[in-house]
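2 protein chains.
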Amino acid sequence: MRPPKAALVCVGSELLAGQINTHQAWLSTRLRRAGFEMLGEESVLDDVAAIAAAMRRALAKADAVIVCGGLGPTFDDLTREAAARALKRTLSFKPALWREILKRFARYRMKVPEQNKRQAMVVGGAQVLENSNGSAPGQRLRAAGRTLLLLPGPPSEMYPMFEAVLPTLVRDHARGVHAAAFSVRLSGVPESIADERLDPVRARWPQARFTILASGGEVSFHAALTARSATAARAARERLRREILDAVGEFAHGEGDETLEFALGARLKRKGLTLAVAESCTGGLMGGRLTAVAGSSAYFLGGVISYANSVKTKSLGVPSKLLARFGAVSAECAAAMARGARKSIGADMGAAITGVAGPDGGTKEKPVGLVFVAVSGPGRAEAVKRLEINGPRDAVRGRAVTAALRLAFDAVR
Amino acid sequence: MRPPKAALVCVGSELLAGQINTHQAWLSTRLRRAGFEMLGEESVLDDVAAIAAAMRRALAKADAVIVCGGLGPTFDDLTREAAARALKRTLSFKPALWREILKRFARYRMKVPEQNKRQAMVVGGAQVLENSNGSAPGQRLRAAGRTLLLLPGPPSEMYPMFEAVLPTLVRDHARGVHAAAFSVRLSGVPESIADERLDPVRARWPQARFTILASGGEVSFHAALTARSATAARAARERLRREILDAVGEFAHGEGDETLEFALGARLKRKGLTLAVAESCTGGLMGGRLTAVAGSSAYFLGGVISYANSVKTKSLGVPSKLLARFGAVSAECAAAMARGARKSIGADMGAAITGVAGPDGGTKEKPVGLVFVAVSGPGRAEAVKRLEINGPRDAVRGRAVTAALRLAFDAVR
Numbered sequence: 004m005r006p007p008k009a010a011l012v013c014v015g016s017e018l019l020a021g022q023i024n025t026h027q028a029w030l031s032t033r034l035r036r037a038g039f040e041m042l043g044e045e046s047v048l049d050d051v052a053a054i055a056a057a058m059r060r061a062l063a064k065a066d067a068v069i070v071c072g073g074l075g076p077t078f079d080d081l082t083r084e085a086a087a088r089a090l091k092r093t094l095s096f097k098p099a100l101w102r103e104i105l106k107r108f109a110r111y112r113m114k115v116p117e118q119n120k121r122q123a124m125v126v127g128g129a130q131v132l133e134n135s136n137g138s139a140p141g142q143r144l145r146a147a148g149r150t151l152l153l154l155p156g157p158p159s160e161m162y163p164m165f166e167a168v169l170p171t172l173v174r175d176h177a178r179g180v181h182a183a184a185f186s187v188r189l190s191g192v193p194e195s196i197a198d199e200r201l202d203p204v205r206a207r208w209p210q211a212r213f214t215i216l217a218s219g220g221e222v223s224f225h226a227a228l229t230a231r232s233a234t235a236a237r238a239a240r241e242r243l244r245r246e247i248l249d250a251v252g253e254f255a256h257g258e259g260d261e262t263l264e265f266a267l268g269a270r271l272k273r274k275g276l277t278l279a280v281a282e283s284c285t286g287g288l289m290g291g292r293l294t295a296v297a298g299s300s301a302y303f304l305g306g307v308i309s310y311a312n313s314v315k316t317k318s319l320g321v322p323s324k325l326l327a328r329f330g331a332v333s334a335e336c337a338a339a340m341a342r343g344a345r346k347s348i349g350a351d352m353g354a355a356i357t358g359v360a361g362p363d364g365g366t367k368e369k370p371v372g373l374v375f376v377a378v379s380g381p382g383r384a385e386a387v388k389r390l391e392i393n394g395p396r397d398a399v400r401g402r403a404v405t406a407a408l409r410l411a412f413d414a415v416r
Numbered sequence: 004m005r006p007p008k009a010a011l012v013c014v015g016s017e018l019l020a021g022q023i024n025t026h027q028a029w030l031s032t033r034l035r036r037a038g039f040e041m042l043g044e045e046s047v048l049d050d051v052a053a054i055a056a057a058m059r060r061a062l063a064k065a066d067a068v069i070v071c072g073g074l075g076p077t078f079d080d081l082t083r084e085a086a087a088r089a090l091k092r093t094l095s096f097k098p099a100l101w102r103e104i105l106k107r108f109a110r111y112r113m114k115v116p117e118q119n120k121r122q123a124m125v126v127g128g129a130q131v132l133e134n135s136n137g138s139a140p141g142q143r144l145r146a147a148g149r150t151l152l153l154l155p156g157p158p159s160e161m162y163p164m165f166e167a168v169l170p171t172l173v174r175d176h177a178r179g180v181h182a183a184a185f186s187v188r189l190s191g192v193p194e195s196i197a198d199e200r201l202d203p204v205r206a207r208w209p210q211a212r213f214t215i216l217a218s219g220g221e222v223s224f225h226a227a228l229t230a231r232s233a234t235a236a237r238a239a240r241e242r243l244r245r246e247i248l249d250a251v252g253e254f255a256h257g258e259g260d261e262t263l264e265f266a267l268g269a270r271l272k273r274k275g276l277t278l279a280v281a282e283s284c285t286g287g288l289m290g291g292r293l294t295a296v297a298g299s300s301a302y303f304l305g306g307v308i309s310y311a312n313s314v315k316t317k318s319l320g321v322p323s324k325l326l327a328r329f330g331a332v333s334a335e336c337a338a339a340m341a342r343g344a345r346k347s348i349g350a351d352m353g354a355a356i357t358g359v360a361g362p363d364g365g366t367k368e369k370p371v372g373l374v375f376v377a378v379s380g381p382g383r384a385e386a387v388k389r390l391e392i393n394g395p396r397d398a399v400r401g402r403a404v405t406a407a408l409r410l411a412f413d414a415v416r
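Protein chains in written order, with the numbering used here: chain S, 4 to 416; chain U, 4 to 416.
By construction, these hints were calculated from the structure, which means they are not laboratory data.
Note that the coordinates shown come from a computational prediction; the quantities given were computed from them, not determined experimentally.
Any copy will do: because identical chains look the same in the list, a pair fits if it lies in one copy or spans two.
List of simulated lysine-lysine pairs, DSS-like, C-alpha gap at most 25 Å:
# : residue 1 : residue 2
1 : Lys369    : Lys317
2 : Lys274    : Lys388
3 : Lys317    : Lys346
4 : Lys8      : Lys91
5 : Lys106    : Lys367
6 : Lys317    : Lys272
Please construct the entire structure, taking both the sequences and the accompanying hints into account.
Next comes the structure, spelled out in C-alpha cells:
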C-alpha cells in the first residue's frame, strides 16, 4: 500500500536570517501520523519567483504540498501571487471575503488598514479556509489531483487551520490508505542502546517506516505503516506497539505527545502526591519544564533555586559541614537538597539537581558534565543518580533535568 | 557591490520526522554577518538521489553551498556519495585519513567499528576538514568557481568546523566584498513600534538589507551591506549603527549575540550587585534563562519558585492578607514577591513574576495573559509592570520572563 507523499514550502526571509523554523517539525509529525510520507522541505525568501519555483518543484513529486507564511497584508507577503503563478491561475479580489475580514476587525474594534485588502485576493478555484485567530485566510487548491495548501505563518493561526483541513487532506489523498502510527517516548536510556534493542522489531516489519530521535536526554521512536483496511491498520498498530514495548518498555514514559513532565504529573496526580524541586546548575529549568504542563498546580508546589551555596544552607538546610566535606557537587549534597526542598516547601516529594554545567568550573575530580540528581519521597524512599554528561552547557543542563524527572517518575511507580 | 550568495542543504530523515532544524538559523546568521546573501534552504531525506539533486539545485544559484549532516558511519549517511554524484567525481578510500580516525578513537580508548571506514571516503579534489570533536571529517569541494562544503550534523562538531573554514569561504567568495553588518537587540517594545521607528533608516539605506525578527518578547534588527573597501565598510557600519541607535536605542539591551540575560548580567557585575528571583507562573524559567549565561554565579544567587500560594507566604513572606485582598496575580503580590526573594535569598535585588499563563484559570477580572512583573532594589528602588500577553501558555511565559528581565535591566541603569 503506497502512502501518499507530502512536501513543505516555508516562506519568509526571516527563516534565512536567524529565525528558527518550527513549522517543519510540527507539520512533519502530524502529516506522518496521518499516513503521509514526508519527502522534503524548502525555505524560500519573500520573492514571487522563488516561492512559485519551490511550489512547482514540490508539486512535481508530492501529492500534498503545504505552504506556510506569506499570507499577511504587507508588500512582502507574496504567497498568493506565487500560487497563482505556479498553477497559472487568476488572482482576484473577493468582496465577500473582504467583508468577512472587516467584520473580524470590527469585533476587536480595530481600524482596518487599506493594505489588508490583499488578504481578500483569492487564487482561481481556491477554497478559502477561515482563520479564527487572525486576519489571514488560508486557501486550498487542487491541481491535477494534487493539493496546494496555503496556510498563515504564525503558529497560533497555522496550527488550528491545519488541524481543521487535515481530514480533507486525508480524504483526498489518503482515502483507502489506512495509516497506523505508533510513537513511544523513552528516558533514562542512551539512544544507541534503545536503537540496538529495537533492531529486531525493524527487521520484522520491513513494510513499516521507523525513525529514532534523541534530544535532551530523551529518545523517541516512531513507527508508521499503511494497511488495506482500518481493521488491519488497528491490528498492525497493536502488534507493533506490543513488540516495541516488549523491547524498550522499561524505559518508556509515554506515547505520542506525552512528555516526561506530563507523564510524571499524571502519576503524581493519580497517587495524590505533591512535588517540590531544588535546583543548582539548572537554575530553575526543572521547575520550568514541570510547569509547562497546563494544570501542573495540582501536584507541583514550587521549589528553591539554590545557585549559591549560601542558599543551599539557608533555604534548603543543607549542612555547611556536608558542603565542606563532600562539596556542592556530590551525591550527599543532591540528597540533602531533595530532602530540603521537600521539607521547606512542604511537599510529599523533593527532586534535586546539582552539577558542573561548564564550560568553566570543572576540576579533575569534578569535571564539567558531572551531575548528581536526587529524589526524596514518597515516604522514606530516597534515590540518587550520578551522571557524566558530554556536551556544551545547555546540553548538560537539559539532560540533567530529564534525568531528575525520570528519577522522580520511577519513584512514583 | 554584489554580495556573494549562499544556500543550505540540511540532510537527514529526522528533519522530516519531528526534529527541529536549528542549523538553518545558526548558519544563516553567521553567513549573513560574513557578507553572504542567503538564498534558501532545503531539508532532504537520507537518499542519495534526493541529496544530490538538492546539491545541484543549490549550486546552480549560489556561490557557496553548505551541506550539514549525513557524514556519520552508518548506511544512511550518504552525503559523501551524493556529493560525488552531484559533481560527477570519484569517491575513494584514504588510508591516511583512516589512520587519523583510528588515532582519535585510540585516544578515547574506544574500539573502532569497521563501518567507520566510510568516514575515510573522500570525494575527488576535496580538502579534508579536521573534526576535533567527533569522528566525521568534513570536506571542502570547489567546482566551477563555487564551493560545496560538507559538514557533520551534530552542532558540537559542525559549529567549530564551520567557524574554522569560514575565513576560506570569505577569501574564495567575498574577497573584495567588504561586509558591514550590525544587529541590535531590543526588549520592552512591540515589533510594530520598532519597525515604524526604523522605517526612515531603511529608506536612507536602499543598498542595505534589513531584517526584523520578533521572538519571546524580544525584537532583533539586522542590517547588512557590502562596500568597496574595508574603510568604507567600517564607516558605513558606524553610520548605520548610530542611525539605528538614534531610532531605537532606548529599547536596546545589546548588539550582535548579546541576549537580555547576558546584558543584565554584565550590568549587575559592573555594579557589583547580586540578584534573586521569585517565580510563580513561569515556574523557574527566569532563573533558567539567567543561568544560561556561563559565569552567572558572579551575580545570580538563586530564588524561590512559588507556584503554590503556600510557598508565597511561607518562603517569600507575602502576607496572607495581601493575597486575600488583591489575589496572587496582582501588582501588590508581584512587588511583595520581589521583596521576599531579595530578603530570603539575601540579594541586592529581587525580580518577580506572577500571572495567568493559561489555557485555564482565567477570569473576567484576571484573564489568561495577565501578568505582573516586579523588581525590588537596588536600594529603595521598586518597579512593577502590568502586561496583557496574547498567545498560548508558552508564549505568555516566555514574554513574561523577558519583561521581568527588562525591568531589572532598567533598574540597574
